[in-house]
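> Chain by chain, the residues:
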Amino acid sequence: MKKFLGAVAAAAAIAISLSACGGGGSTPTTAGEAKGEINYWLWDSNQLPAYKECAANFTKANPDIKVKITQRGWGDYWTTLTNGFVAGNAPDVFANHLSKYPEHAAKKQLLDLNEAVEKDGIKLDIYNEGLADLWIGQDGKRNGLPKDWDTVGLFYNTAMTDAAGITAEQMASLDWNPQDGGSYEKTIAHLSVDKMGVRGDEPGFDKNNVAVYGLGLENSGTGQGQTQWSFLTGTTGWTHTDKNPWGTKFNYDDSKFQETIKWWAGLANKGYMPKLETTVGASVADNFGAGKAAINTNGSWMIGQYSSYKGIKAGIAPTPVGPEGKRASMFNGLADSVWAGTKNPAASVKWVEYLASADCQDVVASKGVVFPAIKSSSEKAAAAFEAKGIDVSAFTTHVTDGTTILFPITDNSAKVDGLMGPAMDAVMSGKKDAGTLSEANEKVNALFKK
Amino acid sequence: MMTTLTKHPPAAAHKAPQRPGRGRRMAKLRDVRIALLFILPAMIGLVAFCLVPTIRGVYLSFTEYSILGEPEWIGVDNYTAIFQDELFWNAMAVTLQYVGINIGLQTVIALGLALLMHRVAKSTFVRGALLLPFFVANVVVALLWFWMLDYQLGIVNEIISWLGLPRIAFFGSEQWAIPTIAFVNVWKHMGYTALLIFAGLQAIPHHVYEVASLDGASHTRTFWSITMPLLRPVLALVMVVSVIGSFQVFDTVSITTGGGPINATRVIQMYIYQKAFGESDFGYASALSVILFVILALVAFIQMKFLKGNESDLD
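Just so you know, the protein sequences line up as chains A and B, in that order. Converting from the first sequence to my numbering requires adding 1 to each position, the first position being numbered 1. Converting from the second sequence to my numbering requires adding 397 to each position, the first position being numbered 1.
These are calculated hints, taken from the structure and not from any lab test. Some hints could be false.
Claimed, not checked - If you want a taste of the chain A side facing chain B, the calculated C-beta under 7 Å gives, among others:
hint: 1; residue: Trp44
hint: 2; residue: Lys53
hint: 3; residue: Ala62
hint: 4; residue: Val87
hint: 5; residue: Lys263
hint: 6; residue: Ala291
hint: 7; residue: Ala427
To be verified - Examples of chain A residues lying across from chain B (beta carbon under 7 Å, computed):
hint: 8; residue: Ala212
hint: 9; residue: Val213
hint: 10; residue: Thr279
hint: 11; residue: Gly282
hint: 12; residue: Ser284
What the hints assert, rightly or not - Covered by chain A, per the in silico footprint, the following chain B stretches (three or more residues, Cβ under 8 Å):
hint: 13; region: 446–459
hint: 14; region: 495–509
hint: 15; region: 673–685
On a predicted model such as this, the values are computed, not experimentally measured, just so you know. For every residue, glycine included, the Cβ atom is placed at its ideal position computed from N, Cα and C.
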């Protein structure tokens, strides 16, 4: 009998220790005392070395605070973060995205940084224009401090443009309209080559046996089209929503938008761009690297990747000038947010302020991977790219010329994408007419009437 | 597996000689206690990881719940919405298509492999090699095929193109996506399924075959009249387990198509995942899960009943 009781006690002890492993952890530091260890998450592996250096410098200046950095790929990042909010083990500070923070803010997961900005005298005019305000919620709370920004440009295979007799100057002065596609479409057609070596603008071009597509295709771009079509729709005067940020009505039923998408989808029919069904698999950039496409439209965060393909020299041109006589590019600004549930708000705020300071952003700039939010650091980044032999003026021109359009910040963004993804896919694959996007638009707008 | 066909359950061998009244009851009580002690660890797991989440899932299916914040009771609203949800019916149709192709191919191929293992391939090496794909992680298998079947850069399409045939968008075209995903999973699981059936084949006593050959039965006749009927309990179990697994396909879809093109591969588990973790609609996703649970329970019940999986013709 004694043995039996002992066994039960042992089993109970195991059970208790098992159930205990979920809770516990570090002892919380009292608020106001800036010390201890804090967790910081980001998704871009290219930027990890820069931020590791920032963290080391930060700890040198604040020996009581240690920063533990975790990098996760984009796909896992957001679900892990949400699970962390619920489980109570989300990172104290994390890199945040404009399409994601409205939901975090609505669920009260973000620490309001207004107080810190006031108390510590953070100057908001050091950042590129508009970047700081993107992170102010509908309730006036400040949900993050600017980290970096990106715009969109054309990456092109210089060996292919040279062979086609297209100069860098021509690439930099393309124009576009939704009717005949302008010189942008002519260039794309000329750069498309079929198996027999016939170019897309020559008679006898076999659109079903294309060796090199003039333009690469990433995907249909769902409801935002950041790198896919927003740089075209933006030149027509079209905007995603009635107002930005915090629009409550989307404009996918507008003829300007639908004409643009129709023109774009038409490229695939002409054999100038791969069909949508062929894009499930290797990334658009890797297909470029394999010499399957001459031009790719992509974001400035991809400069490193496009420059690294062996045997391929990528030139960068600004996006084409549209019907209203100007270029356009989506302007996306990332920020670092503090989790409202952090056990160590004082240290977290200190770290987020450091991330948003020139001390850290200059370090990031020196690596030449992204454009930091601070104006002076941005310039340093451009110089760092230049030192690597990469001309990034195609991306910075949008900022200096004021041709940026803001990333649409709305509630329900995940649901909008859930509806617009399949709707855009259907149009791009030629299954449905661009006019059907009006039906999708009704469903999207119904989300905001609840 | 083997025990389903054993004529004499091992427990019978341990039956102790009859003891008089009181002592017997005491012994039985002690047996129960010890049994409980052994069951306890499994019980903790079952309650903590299956029972409690299931009950909570059923509760959540009647609520609107965005995971942050409290669930809000809305009655059967989720269920009425689901029955009007085109994407749900699409998901069911896609899932059924997948299950049909997956189970059909897998069972036939596995049965063939099992017969080969039983009759021809007697080396342990060959038998082991058949199991290899099963040992590779699902995600790795999915990624491997995703790359090999890529439209522009995949080796399979390079070969197809070299043969002068048009390239195929295996994962990108609406017609090919589900058959391709089904094929990948057949490739992974056929060895394991074959092993289960092989075990069933070994349990068929040799003398029935001898009698059949004495009676001059052909190989085909022997297969349909001896092997298949005697293999039925094992096949039934294999079918139940693999159909349930097949209905729950998720990882291969998530790694490759993510539900696209358009809605062509949005299987029910993928839809549940997107609703819950993509759109934070955990109440709706729970209701979808409950429906899937009911469907699976029904399917398993019908299969067991129909295929009489719990009795053997050897008795």
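> None of the hints should be skipped; say for each whether it holds.
Right, here's what the structure says about each hint:
1. Trp44: Violated: closest Cβ of chain B sits about 16 Å from tryptophan 44/A, beyond 7 Å.
2. Lys53: Violated, because the Cβ-Cβ distance from lysine 53/A to chain B comes to roughly 28 Å (cut-off 7 Å).
3. Ala62: Not OK, violated: alanine 62/A not within 7 Å of chain B, min 35 Å.
4. Val87: 5 Å, holds
5. Lys263: The hint is violated - lysine 263/A has no Cβ within 7 Å of chain B, the shortest such distance being about 18 Å.
6. Ala291: 6 Å, holds
7. Ala427: Interface hint status for alanine 427/A: holds (5 Å vs cutoff 7 Å).
8. Ala212: Hint violated; alanine 212/A Cβ to chain B Cβ min 11 Å, cut 7 Å.
9. Val213: Violated, because the Cβ-Cβ distance from valine 213/A to chain B comes to roughly 11 Å (cut-off 7 Å).
10. Thr279: 4 Å, holds
11. Gly282: 4 Å, holds
12. Ser284: 10 Å, violated
13. 446–459: Per the Cβ count (0), the hint is violated.
14. 495–509: violated (count 0)
15. 673–685: Coverage by chain A holds here, the residue count being 4 at a Cβ distance below 8 Å.
Checked against the numbered hints above, the structure violates hints 1, 2, 3, 5, 8, 9, 12, 13 and 14; every other hint is satisfied.
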